[in-house]
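Per this note's numbering, the sequence shown starts with residue 22, numbered consecutively.
Worth double-checking, as some hints may not be accurate.
Restraint-style ranges between C-beta atoms, simulated for each label pair [said to hold, decoys possible]:
{"#": "1", "residue 1": "55", "residue 2": "24", "range": "46 to 52 Å"}
{"#": "2", "residue 1": "30", "residue 2": "55", "range": "38 to 44 Å"}
{"#": "3", "residue 1": "23", "residue 2": "46", "range": "31 to 37 Å"}
Keep in mind that the hints were calculated from the coordinates and are not lab data.
Note that the Cβ used here is the ideal one computed from N, Cα and C, for glycine as well.
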Amino acid sequence: MDRGKIVAIITGAISILLAIAYLMIVQLLDFRGEMIPAPVSQLPLAMLVETWLSH
Numbered sequence: 022m023d024r025g026k027i028v029a030i031i032t033g034a035i036s037i038l039l040a041i042a043y044l045m046i047v048q049l050l051d052f053r054g055e056m057i058p059a060p061v062s063q064l065p066l067a068m069l070v071e072t073w074l075s076h
């Protein structure tokens, strides 16, 4: 086999491994459940002041 073909095969294998790793990470994050926003009492003070000043 020539060098170009070997590089293409290695690049393809790396690409497939990255794709599988990405899908596994997405599944893991999705498995955690629905994202629920933090209660207002736990918001940073700067955000509360900004909201208060905008009214």
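For this structure, which hints from the list above don't hold up?
Failing hints: none at all.
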